[in-house]
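Novice: Working from the sequences, and respecting the hints, build out all of it.
As a plain string of letters, each chain reads:
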Amino acid sequence: MRKIKLKILEKKPSLFTRLTLGILMFLLAASLAYAVWSLPTQALGLSAEVAKNVEMSGVSNPVTAVLLNYRSYDTLLELGVLLLALFGVWSLGGVSANKSSFVNPILDFLSRFLVPVFILFSGYLLWVGGFAPGGAFQAGAVLAAAGVLLFLNDWQLERKYSGFSLRFVLVLGLVLFVAIGFGFVFLDRVFLEYPPQLAGGLILLIEAAATLSIGISLAALFLGRDPSVKSDSKIDTGVHK
Amino acid sequence: MTPAFLYALVGIVLFSIGLYGLILYKHLLRKILAINILGSGVFLVMVALAARTGDAVPDAVPHAMVITGIVVAVSATALALALMLRVDAETGQAVLPEDREE
Amino acid sequence: MLIDSPHWISIIILLPILGAVASFLWRQHIVKIALTTATGTVISVGILSWQVISNGVQCYELGAWNAPLGIELYVDGLSVLMLLVTAVVGFAISIYASAYFEGNKSKHFWPLWLFLWSGLNALFVSSDIFNLFVTLEIIGLSAVALVALSGGAKAITAAMRYLLVSLLGSMLYLMGVALLYHSYGTVDMVLLSLRTEMNPAMWLIMGLMTVGLLLKTALFPLHFWLPAAHSSAPVPVSALLSALVVKASFYILWRLWIVVFPLDNDAQVGLGFILGVLGSLAIVWGGVKALQQTRLKLLIAYSTVMQIGYLFLAFPLASIMGWKAALYFILAHAIAKTAMFMVAGNILIHKGHDRIADLYSTVQHLPLTIVAFSLSGISLMGLPPSGGFVAKWLLLEAAIVSGQWWWGIVLLVGGLLTGAYVFKVLGYAFIQENSTNEPRPIGISKRMEWTALSMALFAIVLGFIAPFVLGIMDIGSPFTKGSL
Amino acid sequence: MNFDNWVPLLIVIIPLFIAVIIFALAEDKIKTRSTLNIGASVLSLGLVGIMLWGVSKGFHYETRFSFLPGLDFVLRADSLSMLFVTLSSALWLLTTVYAIGYLEGSPHRSRFFGFFSLCVAATLGVALAGNLITFLLFYELLTLAAYPLIVHRGTQKVRRSGRIYLMYTLTGGALLLLGTVLLYSITGTLEFVASGFLSTLDSSTHSLLILVFVLLVSGLGVKAAIVPLHGWLPQSMAAPAPVSALLHAVAVVKAGAFGIVRVIYDVFGIEFSVTLGLTLPLAIIAAITIIYASTRALFQDGLKARLAYSTVSQVSYIILGVAIAGPIAAVGGVVHLVHQGVTKITLFFCAGNLAETLGIHNISEMHGVGRRMPWTMTAFTIGALGMIGIPPLAGFITKWYIGLGALEAGHGWVLIVLVGSSLLNAAYFLPILYVAWFTEPKGDWPAEKKLGKYETSLLLLVPPLITALFVILLGLFASLSFSALAWSEFIISKEFLL
Amino acid sequence: MNFDLNTFYLLAAVGLPLVLVTALMIKPRAKTLIYLAPWMALPSLLLALLMPVDSVIEVPWLLLGSFIGLTETARVFLFFTSIVWLSGGIYALGYFENKVKNATFFIWFLLAMAGNFGVIIAQDMLFFYTFFALMSLSSYGLIVHSRTPEALKSGKIYIILVIVGEMLLFAAFVMIMRSVASIEFTLVREMFTHLEENNLIIALLLLGFGLKAGIIGLHVWLPLAHPVAPTPASAILSGAMIATGLLGLMQVLPLGEVELPFWGAFMMVIGMTSTFYGVFVGLFQNNTKTVLAYSSISSMGIMIMAIGLGLVSPARWSLVSLAMLVYILQHGFAKAALFLSVGVFAKPMTSNITRFVFILALLIPVLSLVGAPLSSAFVAKKILEGQLYLSSSAWSEWVQVFIPWSSLATALLLARFLYLIWSKTIKVHKDSKKEQDNLVPKTMWMSWLFLVVMVVLSPMIVLFLGINTGSILELISVKALIRFSTTITAVILLSYIAWYITKRHPIPESLKIPAGDLLIAVEKYILPGIIKSLTHSIQTVQKSSRWLVSYVNTAIDSGLGFVTRYMGELDKKLKEWTVAIVLLLTIMFIFILFAWRL
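Chains as they are written, first to last, in the numbering used here: chain A, 1 to 241; chain B, 1 to 102; chain C, 1 to 484; chain D, 1 to 498; chain E, 1 to 598.
Please keep in mind that the hints were generated in silico from the structure rather than gathered at the bench.
Any given hint could be a false lead.
[As the list claims (entries may be wrong)] In silico EDC-like cross-links for lysine to aspartate or glutamate, where the CA-CA straight-line distance does not exceed 20 Å:
| id | chain 1 | residue 1 | chain 2 | residue 2 |
| --- | --- | --- | --- | --- |
| 1 | C | Lys154 | E | Asp571 |
| 2 | A | Lys52 | B | Asp55 |
| 3 | E | Lys575 | B | Asp55 |
| 4 | D | Lys442 | D | Glu271 |
[What the hints assert, rightly or not] Just so you have them, the derived chain A footprint on chain B, three or more residues with Cβ under 8 Å:
| id | stretch |
| --- | --- |
| 5 | 5–18 |
| 6 | 49–62 |
| 7 | 68–75 |
Note that the structure is a prediction, hence the values are computed from the model and not measured.
Ideal placement from N, C-alpha and C gives every residue a C-beta, glycine not left out.
Specialist: Below, the structure written as structure tokens:
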């Protein structure tokens with residue numbers, strides 16, 4: 001990774017600007033505080049409705065219920081955002097990484113030990129999401145950590161898998177979510193409406209696929225470029241400036 | 001001074017610090033970090049105020065929103081970092097053109 | 001039967017996403033997939049708007065959860081028109097882009113663009129402020145990635161600045177959403193409109209959300225990121241940015257202003273005054289800067305800064321006619337600006353640079369492009385046969401009826417400034433002196449010229465179909481307080 | 001929508017349609033382009049003839065479709081519009097023939113003829129407009145279509161005059177738009193009604209109505225080249241001759257004057273304008289324009305510049321005639337619309353001939369040109385004498401009626417203005433005739449070209465002769481039933497509730 | 001359109017010359033057409049003889065509905081004008097025999113002819129005004145035909161005065177039309193009775209027509225135009241065209257109906273002064289044609305006096321008008337003949353006999369002008385004296401005294417003319433032996449003699465034309481004969497003395513009054529002053545406006561420069577993040593402030 005010159009001793013901006021900014025920030029914080037303070041101390045918000053409909057949602061953890069049933073549309077779009085970020089990063093073409101031949105033994109050992117633990121742990125997180133804090137995103141994050149660890153060890157995804165199959169897995173979470181969501185429309189239900197009895201299973205299925213996609217896409221984001229493209233290609237300049 | 005308000009206050013302070021950092025520092029990495037602080041400030045306020053439901057279980061909807069917010073922030077930061085690298089590669093220094101002090 | 005099924009709202013969001021995913025997966029025939037998705041989306045938007053026009057407002061609860069808990073999609077006259085303009089502009093840009101990008105670039109362009117399209121459609125139909133945040137983010141990120149697509153140092157830095165600005169805007173907006181939720185317990189606009197009332201928290205909410213959205217809409221003092229981003233991006237992208245993306249955040253501010261914020265009429269006029277003043281400054285500033293530019297794309301970018309100023313003139317008027325005028329401005333500007341950017345694109349490819357000074361030699365080879373430029377110029381200037389004229393007429397009338405005639409004067413000054421820079425460019429198209437021997441110009445595909453011309457012609461036709469369009473605007477009376 | 005409803009629209013659409021076709025036509029297809037052009041003008045002249053006959057028989061021609069909420073796009077053939085339409089379409093035919101001859105072998109002719117027919121479509125639209133919004137629409141279209149014609153040559157000087165032209169006309173257009181909107185917000189309707197629809201409004205709105213009047217007249221005044229706003233006209237003389245002939249003699253300038261006539265008669269109504277005390281200042285301004293422009297014309301050596309200043313002063317006759325609130329002066333004003341058009345176009349045609357065949361642009365180069373091009377100079381003499389107001393010619397009829405009307409309405413000073421301006425006209429036209437006829441040519445001509453066996457190509461020679469003939473006929477047989485004078489009396493009889 | 005024959009004849013008389021003009025325009029060098037030119041006057045001659053008088057015909061389709069026809073006076077005018085045009089035309093053929101390259105002269109000639117005839121047959125103001133303008137403008141072409149610098153200069157003066165005259169007439173006619181609401185002369189005259197503010201109108205009419213008729217003060221163009229114009233042209237000019245001024249006054253002024261004492265007296269005085277002034281200045285000239293021009297001015301003076309008399313005592317007008325007609329007719333022929341004679345005598349004579357005959361022929365018009373007993377001038381002056389005696393106003397006695405003196409003055413002037421002609425012919429006579437071919441072309445002296453005959457016959461013609469002035473014979477009383485012979489002897493005596501004195505010590509150059517007297521004075525002293533001040537003021541205006549424009553421009557440029565520079569900085573500043581976000585926050589706080597204040 002090319003060293004980024006992190007000029008620590010940046011030229012300090014003049015005292016005057018810093019002072020005015022400070023005052024402004026203080027003013028902003030004060031007004032925000034006042035606004036928050038003026039809010040009622042007791043506010044139920046939507047906790048009542050959530051509690052009432054939890055058993056209908058197929059999961060017992062209210063957050064997952066909100067996340068994957070009541071406001072599942074948000075989550076759908078959110079997966080889209082993640083995928084979008086990936087498209088964006090890949091479109092930038094990424095910087096050519098220089099492979100350092102030296103493998104750090106400690107790192108090598110640790111990764112051999114930790115990677116399976118991470119995978120196991122992410123599986124658990126996925127499962128526990130139904131009734132305790134956890135779920136697809138947290139599991140995906142852990143999975144990604146495993147991926148990062150591997151990349152630090154100069155692990156390379158075989159060329160064979162880095163093409164269509166990689167892209168398919170990346171996209172799997174979103175596609176499955178949409179498929180399930182829209183599937184029931186043909187059984188004269190509304191988009192993203194699950195039959196109550198199947199809700200639990202469906203949510204788990206969606207979460208599993210989401211975890212997989214999130215994990216791999218976060219790892220790919222860390223890698224920073226499209227593995228299927230040969231790494232030595234310089235940043236390809238636009239065809240028309 | 002309910003604990004919810006206290007945490008919210010911390011969130012607000014984070015928000016202001018994030019904004020301060022974003023404005024003042026020239027280096028893109030510092031700016032991206034400032035944006036993240038800004039984001040976490042907002043999320044903290046969101047979660048803190050969710051705890052005003054009286055009984056132990058806080059309101060779940062803000063929590064779900066925060067999760068979505070966090071994912072969005074992550075992907076935005078990823079894109080920002082990738083862009084910063086490209087800026088650095090293209091212009092030799094990770095600073096926006098107007099902030100460049102030649 | 002399929003046509004009158006209620007699910008078209010969700011289809012117009014999902015179709016582009018699936019299109020994006022498919023084009024991401026199967027890269028070899030990416031253009032075919034993308035164009036079919038584009039036509040599919042246009043058709044579905046057409047069906048949806050036909051449904052709304054014939055039997056009124058549509059409300060669609062996602063996941064069958066009603067308002068406070070679930071997310072509700074709501075389509076009224078305003079959103080139909082925004083969807084239609086997005087569809088028209090989107091379709092034209094897709095055709096244009098299919099000829100503009102080749103090889104590597106188009107591999108990245110289509111998925112990002114289709115995601116942007118679905119984000120736009122989602123934004124225009126949603127009536128949930130947090131959902132608006134997410135759609136705003138989709139649009140923001142994809143727009144940034146698209147700007148960075150052209151790869152030069154200028155484009156990358158512009159994209160970086162644009163990303164930071166858009167993130168800051170979204171965070172401010174999110175803080176507003178948080179406060180709103182925690183003071184009234186819901187994020188659904190309809191319920192909010194019933195519950196909001198003036199209190200210190202409300203002041204701050206309004207302040208934060210308005211400023212956040214102003215930053216993303218690039219109103220005058222906060223416009224610094226727009227010229228660089230719009231001029232250095234590839235042509236179809238800058239057309240997208242000027243015509244649609246900038247309008248999306250304006251749309252949100254508009255909805256909030258009318259539905260959510262507890263402003264009675266003279267409160268709207270009072271607060272709107274600030275926006276009106278900023279709008280007038282934008283008009284004057286944008287106009288004068290555009291006059292000074294020597295490159296065509298920068299000129300058009302500054303003209304966007306000016307046209308945004310027009311939109312904000314409607315706020316202090318706070319009358320239905322004023323809002324209708326603003327909506328008409330959006331329509332006319334979107335289409336005319338797309339045509340103008342396409343023209344700039346054609347010239348750029350044809351000659352390799354877009355310096356206005358030696359435009360003369362292009363006129364010989366691209367007569368249609370120059371005709372497109374003059375027609376869209378006419379619409380931007382607001383001269384009679386065009387859509388711009390209708391908008392200018394309505395706004396002028398609203399200004400005079402509401403007694404605030406000074407906004408009318410600003411409008412006219414704006415018209416003159418636009419006239420100045422449009423004719424400055426056109427003037428160069430008539431110079432007889434034979435400019436320096438240009439490198440052999442690269443021929444551009446007929447498709448690009450014809451899309452530019454058809455969009456320009458559509459901008460003129462918009463002038464004649466005013467009664468029909470204004471009729472649509474009344475569906476679900478989007479501009480009255482308790483409408484949603 | 002039977003035939004009656006389609007005719008006005010057809011008249012406006014034909015040149016528009018032709019313009020589009022010509023734009024697409026390749027540069028070298030001269031034959032097709034000329035036939036198209038002439039065919040279109042003949043066709044629309046025929047249509048105008050039918051309508052003319054119809055209107056005199058009492059038929060009612062109107063095209064109407066809704067254009068803005070509460071406002072319609074109306075093309076209506078009332079007597080006043082018929083006068084201007086006949087004038088424009090007749091002179092359009094002649095100018096097309098002239099332009100074909102004039103632009104022989106010059107570049108960008110497709111572009112020229114395209115914008116040319118666009119201009120004519122706009123003028124016909126202005127003439128036939130049934131309400132103020134349609135008028136505004138075509139008025140602005142005229143501004144746009146005229147610009148490319150002015151900058152047709154593409155030289156730096158021409159572009160500068162184009163820019164000045166735009167500065168004036170666009171501001172004028174903005175003022176007009178503001179006035180129209182203000183009027184619409186007060187009255188709620190913009191239809192042209194025989195003797196104006198504002199008299200019924202209560203007096204509280206009068207101050208606003210005066211503001212509206214000032215806005216409308218200054219907006220139109222830019223095109224009608226009233227003194228403070230006339231700066232663009234002499235500048236835009238650098239345009240090719242057919243452009244300055246049709247545009248500055250008939251289309252652009254006349255649209256402004258015609259607009260003012262419309263505003264005074266069909267929007268405010270003459271009696272109401274008098275009660276508002278608007279007509280006297282307008283008359284004074286018109287008088288000042290006449291005198292000022294004539295004096296400026298004295299010092300111009302450039303032939304077309306002198307003609308331009310004379311146009312500025314002549315157009316103000318129309319405004320003067322209309323502004324003096326008497327019926328007879330009004331007839332003078334309205335008939336001058338036709339007379340000035342015909343006379344001025346003859347002069348511009350001849351100026352064009354001189355420029356094209358002999359390369360003469362300034363009066364000092366015109367020594368003995370009468371001997372070299374006798375027929376062109378005869379047409380020029382007829383035109384010049386017509387302008388001065390020598391009896392048998394058309395100009396005299398106008399001055400006679402305006403003078404008479406002025407005395408009728410008690411404005412004696414107008415007669416002095418008329419006499420003074422006629423003297424000034426003589427002072428700047430007779431030297432030209434003197435130089436042309438009574439002096440020996442000095443050496444050879446600046447850029448002589450042999451065009452055909454007569455003094456110049458027939459395409460250039462015939463139009464001025466026809467228009468010169470018209471100048472004589474309009475004057476000589478003024479009292480006939482179908483002459484311009486009788487038609488304007490027919491118009492005015494409707495405006496004044498005699 | 002009742003196209004009866006009379007209208008056709010009248011319009012044909014006017015239209016025919018115009019037709020020939022267009023023909024000449026098409027084929028300028030056709031010899032036959034040129035020869036046709038003079039004969040265009042024939043139809044109007046026939047018209048004058050055969051047309052029933054007093055038939056005013058309305059031609060609705062011409063101009064604004066015009067009235068034409070031949071009244072009593074018009075018939076006389078038409079008669080002598082057509083003859084003068086005819087003979088002038090024939091004379092011109094000879095005069096231009098060899099020099100005529102193309103037909104420019106004849107085009108102007110025919111146009112002026114058409115104008116002249118149109119003016120005579122016109123019975124309404126517009127028709128009159130139209131052809132009056134046609135005549136005046138086309139006679140400019142005749143004057144400047146020779147293209148010499150003096151010709152062009154006098155042409156310029158002529159055209160300026162003509163245009164000013166036209167405009168004054170236009171104003172007058174508009175005013176008349178306003179109060180009379182009809183353009184027909186008869187109605188105009190009737191309505192004149194109750195016309196309140198008619199002074200301005202009459203003044204304008206007097207100025208307009210006076211310019212053409214050459215009243216003192218307005219006569220300046222005559223002595224300049226005649227010498228430069230070709231002889232036939234100046235003959236017609238002073239023979240026929242000046243008379244139209246009188247015709248105009250007779251048509252418009254309510255002579256014989258309304259008594260306008262002030263204007264009548266004024267015109268009488270003006271008439272008399274111009275008569276004597278004409279003669280006084282004429283004597284100083286040494287160009288034959290200028291002398292003749294001044295003699296026309298003096299004779300016109302008498303006519304103006306007659307009109308004045310008509311205004312002062314309308315009862316007398318019937319006879320006075322007869323006298324005027326007689327005098328004008330005879331003056332037309334005589335003056336034209338004299339002008340033509342100048343051309344004839346300029347050419348060498350063949351033999352003594354022809355020279356003797358020519359001199360005799362020359363004497364006849366001179367004598368008739370002076371008022372020899374048999375001539376109609378004598379008749380006219382006799383009647384005028386009688387009427388003056390009978391009219392009651394104070395001025396008429398005073399004027400009556402001057403009539404005989406006026407004939408003496410004209411006699412003196414004509415003597416001067418004879419002297420000049422005589423001195424010129426002698427010189428030519430000496431070397432005439434060498435160029436035999438340079439003889440007087442036949443057409444020239446034929447037409448001249450024809451006119452002389454006309455002069456002789458004028459008393460009979462007058463009778464023939466129906467003007468019963470009573471038989472000529474009873475008028476010739478013995479007293480008149482004596483008076484005439486005394487004047488003749490006095491003239492011979494005075495001219496001999498004058499000739500004798502001038503031979504000894506010729507009049508110093510400075511005393512000589514140049515042709516165009518008043519005008520020259522004006523030009524030398526008054527005009528330069530006016531022009532200088534005018535140009536001076538214009539220059540100051542231009543200078544100040546130029547200064548103002550440049551000042552405004554520099555202001556705009558500096559302003560623009562400042563704005564662009566300032567904007568450039570502002571733009572750069574705006575780009576900085578700190579400024580941008582600070583602005584953002586300030587807007588937010590303003591927003592919150594506004595919201596709070598609500």
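Novice: Sort out which numbered hints this structure fails and list those numbers smallest first.
Specialist: 3 and 4
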